[in-house]
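J.: So the chains spell out like this:
Protein chains: 2
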Amino acid sequence: MNAKEVKEILDSAKKNDVFLMEAVWTRFFPASVEIRKLLAQGEIGEVKMVGAEYGVPLFHVPRSDQKDLGGGALLGLGISCLQFISMVYNREKPESIQASGICLETGVDESVAVILQYSKNRMAMFTCSAGVHLHGEAFIAGTNGIMEVLSPMWCPTALVVNEKVTQYPVPEPSLPLNFTYSTGMRYEAEEVRQCLLKGNETSAFCLL
Amino acid sequence: MNAKEVKEILDSAKKNDVFLMEAVWTRFFPASVEIRKLLAQGEIGEVKMVGAEYGVPLFHVPRSDQKDLGGGALLGLGISCLQFISMVYNREKPESIQASGICLETGVDESVAVILQYSKNRMAMFTCSAGVHLHGEAFIAGTNGIMEVLSPMWCPTALVVNEKVTQYPVPEPSLPLNFTYSTGMRYEAEEVRQCLLKGNETSAFCLL
Chain P
16 MNAKEVKEIL DSAKKNDVFL MEAVWTRFFP ASVEIRKLLA QGEIGEVKMV GAEYGVPLFH
76 VPRSDQKDLG GGALLGLGIS CLQFISMVYN REKPESIQAS GICLETGVDE SVAVILQYSK
136 NRMAMFTCSA GVHLHGEAFI AGTNGIMEVL SPMWCPTALV VNEKVTQYPV PEPSLPLNFT
196 YSTGMRYEAE EVRQCLLKGN ETSAFCLL
Chain U
16 MNAKEVKEIL DSAKKNDVFL MEAVWTRFFP ASVEIRKLLA QGEIGEVKMV GAEYGVPLFH
76 VPRSDQKDLG GGALLGLGIS CLQFISMVYN REKPESIQAS GICLETGVDE SVAVILQYSK
136 NRMAMFTCSA GVHLHGEAFI AGTNGIMEVL SPMWCPTALV VNEKVTQYPV PEPSLPLNFT
196 YSTGMRYEAE EVRQCLLKGN ETSAFCLL
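These protein sequence lines are chains P and U, in that order.
Under the numbering used here, the first residue of the first sequence is numbered 16, with each subsequent residue one higher.
Under the numbering used here, the first residue of the second sequence is numbered 16, with each subsequent residue one higher.
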């Protein structure tokens, strides 16, 4: 849950020569692949602003308000917004971060809003809440248009590029699912398989 | 454009015993009246978060990048977001404001993102840009659901309350319009008429 722990995992993976990747399944959906392709092609011009929001009442789940169990809005939900912004800006580090939020008595965040400033006058912002429902949508605004990821942005199946909607349906499930679009897990699994076949130690699309 | 100038206007109106109201036409659209009614009824429970965004490339208009002419994103566009938040929170003053943005060489803001904290653990945030297009939408998230104002939120004609869409069409124009939904100006004009008939010195829905 912190940088020290991540470093331990990284060191251990290196020492033992094993594959390690952060399990951000969102990155491997066909819609995410398309976003990266369109951005690289300059489809919406120069990107100036990225935004995302994600809110789900979560505090009925016992661990979600416990600090030592990684509770709170940012770690539980905001991470989906942050990974999106990080993907769009090619893992560039922001020049400044401003954040403000609401804290529960247990010491975890109920809601957080964050503004990030990047080089070349680019911005990003996101809002997450474990207290109230927010639409899980994201957008990328450029000098030549806007690209939107419809809800749920964390397992994206619909992109809107300058008002043109394209659907990217996930495979039909053969058994009942516990979570939204769980069959989309196969995209991440396939990426790991490809990395292992090539002998890579991590995925280029999900670097730690 | 600043508090001193507003005070001069207020003093002059009082001294001369004339009607004065800030011309926020958005407040008088039937959709805005409905929002206030639904909030008062507790339709979405206790409001916890309000958000809005508005972005239009504006810098081809000469005055929009001139500081002494009131240029920039916040004064030109952000004000529509702020008035929405202020309406939802009944003109309560925020307890804290965090803002970050991009400044042009002329000294005006190209883009701004703002996070506001209110009493009782309530929040608001908005983003505005005079450099790129952003969807002009707003939302109000409560403990019992979410209310959305579809674009254009500054002259609202469609509300979504817990996924149920209701349209509030403006009157048909009898002549070509220069601006979006200009016939919606009549709602504000009617409010002023009613205030004048009653001898009020301002409107209760648009206090300075």
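Just so you know, the hints here were simulated from the structure itself, not pulled from any lab data.
Any given hint might turn out to be false.
For identical chains, the list gives no copy identity; a pair is met inside one copy or between any two copies.
What the hints assert, rightly or not - Below are the SDA-like pairs computed for lysine to any residue, each with C-alpha atoms no more than 25 Å apart in a straight line:
1. Lys-135 - Glu-120
2. Lys-135 - Tyr-104
3. Lys-135 - Ala-114
4. Lys-135 - Val-33
5. Lys-19 - Leu-192
6. Lys-179 - Cys-221
7. Lys-22 - Ser-189
8. Lys-108 - Arg-208
9. Lys-213 - Pro-167
J.: Give a verdict on every hint.
T.: Evaluation of the provided hints:
no.	hint	verdict
1	Lys-135 - Glu-120	between (39 Å within a copy, 14 Å between copies)
2	Lys-135 - Tyr-104	within (11 Å within a copy, 35 Å between copies)
3	Lys-135 - Ala-114	both (21 Å within a copy, 18 Å between copies)
4	Lys-135 - Val-33	neither (38 Å within a copy, 49 Å between copies)
5	Lys-19 - Leu-192	neither (35 Å within a copy, 61 Å between copies)
6	Lys-179 - Cys-221	neither (28 Å within a copy, 38 Å between copies)
7	Lys-22 - Ser-189	neither (39 Å within a copy, 68 Å between copies)
8	Lys-108 - Arg-208	neither (29 Å within a copy, 55 Å between copies)
9	Lys-213 - Pro-167	neither (32 Å within a copy, 50 Å between copies)
Consistency note: the structure conflicts with the earlier hints numbered 4, 5, 6, 7, 8, 9.
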